[in-house]
Structure formats: structure tokens, C-alpha cells
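Chains A and B, in that order, give the protein sequences.
Residue 877 is where the first sequence starts when you use our numbering, and the numbers rise one by one after that.
Residue 877 is where the second sequence starts when you use our numbering, and the numbers rise one by one after that.
By construction, these hints were calculated from the structure, which means they are not laboratory data.
A few of these clues could be false.
Copies of the same chain look alike in the list, so a pair counts if it fits in one copy or across any two.
To be verified - Calculated pairs, BS3-like style, for lysine-lysine (alpha carbon to alpha carbon, straight line, at most 30 Å): (1) Lys-983 / Lys-885; (2) Lys-983 / Lys-879; (3) Lys-977 / Lys-879; (4) Lys-981 / Lys-885; (5) Lys-953 / Lys-983; (6) Lys-928 / Lys-885; (7) Lys-919 / Lys-902; (8) Lys-983 / Lys-919; (9) Lys-937 / Lys-879; (10) Lys-885 / Lys-919; (11) Lys-879 / Lys-953.
What follows is the residue order along each chain.
Number of protein chains: 2
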Amino acid sequence: MEKLVDALKALSDETRLRILNLLYEKELCVCDIMEALQISQAKASRHLIYLKNADLLRDRKHAQWVYYSLAIDERIKFIDSLVYDNLRNLELYKNDLQNLKDWLKRKTMNCE
Amino acid sequence: MEKLVDALKALSDETRLRILNLLYEKELCVCDIMEALQISQAKASRHLIYLKNADLLRDRKHAQWVYYSLAIDERIKFIDSLVYDNLRNLELYKNDLQNLKDWLKRKTMNCE
DNA sequence: TTTGTATAATCGCTTAAACGAATATAAGTA
DNA sequence: TACTTATATTCGTTTAAGCGATTATACAAA
């Protein structure tokens with residue numbers, strides 16, 4: 877992250893906060909985000925790239941999937957507080973985590 | 877603050893972060909901010925109002941002056957971490973504090 | 001090679017927000 | 001009442017970002 881301000885701009889959008897909240901659980905691919913948040917593919921992709929450009933995420937390609945995970949270093953540990961002390965007290969973000977859990981279970985069952 | 881996102885939007889601008897950094901020291905009027913940051917009156921006023929609308933500041937009128945101070949409650953304690961762990965390690969914000977100190981000293985001396 | 005799936009990029013449009021410059025308001029002082 | 005000072009607001013312009021819809025790319029599997 878070049879600038880602290882860039883990280884804060886990346887955090888000042890609800891969709892991106894919701895994505896970040898999910899990624900605090902585990903690495904996910906774009907389609908996991910789409911399903912858990914019930915948003916379009918273009919929207920998920922755009923916001924993930926925005927977060928990556930702010931150096932808050934890294935990505936890893938495997939076959940046709942792109943997996944995103946947190947890339948939050950020491951310099952911006954206030955984000956931990958934001959997520960654990962604020963986001964996770966709000967219904968919207970709690971629901972998102974439950975939706976993610978449900979989706980990942982369904983996804984696994986389809987492969988068995 | 878209605879929405880966490882509104883607070884984050886308010887924090888995602890360098891001028892507003894610089895203002896917040898100063899107000900972590902003490903209550904200040906608009907002209908103190910102008911002097912310490914060397915910005916125009918209109919710019920100082922606009923950004924202070926933006927922060928106030930996000931419920932991060934309160935104001936208090938006394939004669940022709942308007943004093944602004946922090947209004948950050950429990951819900952957004954991550955801002956403490958942002959200021960103390962991040963901003964205050966950066967030269968720009970350290971310089972601003974020194975400029976504020978110098979300005980307040982000059983201001984006091986003029987009244988003696 | 002064709003088809004399907006996952007992801008990214010582009011287009012056109014709309015809105016928020018930043019800026020300097022100028023003007024308005026409101027209170028204090030001469 | 002005039003004048004000054006402190007602060008807020010408005011105007012016109014510019015830029016960043018958000019969106020849905022669509023198209024492009026890249027890999028996999030048939």
C-alpha cells in the first residue's frame with residue numbers, strides 16, 4: 877500500500893467491507909463472494925480488484941479460478957479492530973458469514 | 877453516526893485525516909486548522925463540516941468563533957488505532973502537530 | 001475443435017465529491 | 001451605523017467511482 881488514504885478509500889464502500897469480512901474467514905474465489913453476498917459477477921470482480929489495487933488483498937490463480945485472500949500487514953492493523961469490533965456486531969455482516977457457510981456446504985456436497 | 881460506511885468515507889481523504897489528527901490533541905477553531913495545515917478557509921470549513929456530518933466531530937459556537945472537537949464514541953474505536961498506530965508515524969502528520977504547536981504559541985503571544 | 005465456465009474489461013450513464021473563487025452571514029468593535 | 005473578522009455557502013468545473021449490460025479472455029473438458 878502506497879498510501880494509507882488509498883486503503884481507507886478502499887474501505888469506504890459497503891460492498892467492499894462485506895467482501896473483506898468474508899475474507900477474514902478464509903481465502904475465497906470470486907464465485908464464493910458472488911454467492912455469499914448475492915451480487916453480480918462483474919460487481920464482485922470489480923470490487924475485489926479495487927481492494928487488490930489498494931494492497932489489501934492478494935490473488936492466486938488456479939485453473940480457471942482466481943482465489944483472493946487478505947494481504948493486510950502491520951501498518952494497517954486498525955483494520956482488525958474495524959472488522960472484529962464493528963463489522964461483526966452488525967446484522968448484515970453476520971448474515972453474510974452465515975450465507976457463506978451455507979454456500980460452502982452446498983458447494984462441497986455437489987462434489988460428493 | 878448512522879452508518880459505519882459514512883465514517884469511513886469521512887476518513888478517506890488526506891485533509892480530513894490531517895484535521896482529525898490535530899483534533900486528537902485538543903478542541904480547535906477553524907482558523908487554527910487553517911494555520912496549522914496552511915489551507916484555505918473554505919477548504920478547512922468544508923472538511924470540518926463533512927466530518928461533523930459523519931458524526932465524528934461536534935461544534936460549539938462562542939462569539940464569532942466555531943470550535944470543533946472529537947465526537948468519537950465506542951462504536952468506532954478503530955479510529956484511535958488509526959491515529960495512534962498509523963498517522964502519528966508519518967512525517968506529514970508529525971509536522972502538522974508541530975505547526976499547530978508553533979501556531980498556538982504565536983497566537984497566545986499576540987494576546988499578551 | 002467446440003462448448004462451457006470463471007473471471008476481467010469495456011461502454012455509457014449517473015452521482016458524489018474535490019477544488020478555487022467569490023459571495024453571504026453573523027458577530028464584535030470603532 | 002460602518003467596518004472588520006470568522007465562518008459558511010454557492011458557483012462552475014473537474015475527477016473519481018458506482019452501476020448494469022455486454023463483450024473479451026482464459027482455461028477445461030468433451
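Problem set entry | Up to 30 Å CA-CA - Lys-983 versus Lys-953, copy category | neither (32 Å within a copy, 37 Å between copies)
For this session: Please work out whether the CA atoms of Lys-937 and Lys-879 approach to 30 Å or closer within one copy, between two copies, in both situations, or in neither?
Result: within (26 Å within a copy, 35 Å between copies)
Exercise. How would you classify Lys-977 and Lys-879 at a CA-CA limit of 30 Å: within, between, both, or neither?
Worked result: between (34 Å within a copy, 26 Å between copies)
Problem set entry | Intra- versus inter-subunit Cα pairing at 30 Å for Lys-983 with Lys-879 | Answer is neither; intra-copy 38 Å and inter-copy 33 Å both fail.
Exercise. How do Lys-983 and Lys-885 come out at 30 Å by Cα distance, when the copy is not named: within, between, both, or neither?
Worked result: Classified as neither; 33 Å inside a copy, 35 Å across copies.
Exercise. Within a copy, between copies, both or neither: where do Lys-885 and Lys-919 come within 30 Å Cα-Cα?
Worked result: both (17 Å within a copy, 20 Å between copies)
Problem set entry | Homomeric proximity label, Lys-879 with Lys-953: Cα distance no greater than 30 Å | Answer is both; intra-copy 14 Å and inter-copy 21 Å each pass.
For this session: Tell me, please, which holds for Lys-981 and Lys-885 at an alpha-carbon limit of 30 Å: within, between, both or neither?
Result: neither (33 Å within a copy, 35 Å between copies)
For this session: Go through the copies and call it for Lys-983 and Lys-919: within, between, both or neither, with a Cα cutoff of 30 Å.
Result: Answer is within; shortest intra-copy Cα gap is 21 Å, inter-copy 52 Å.
For this session: Could you figure out if Lys-928 and Lys-885 sit no more than 30 Å apart (CA to CA) within one copy, between two copies, both or neither?
Result: Intra 12 Å, inter 19 Å, cutoff 30 Å: intra and inter.
Problem set entry | Up to 30 Å CA-CA - Lys-902 versus Lys-919, copy category | Cα proximity of Lys-919 and Lys-902: one copy only (20 Å, versus 42 Å across).
Hints 1, 2, 4, 5 from the earlier list are contradicted by this structure; the remaining hints agree with it.
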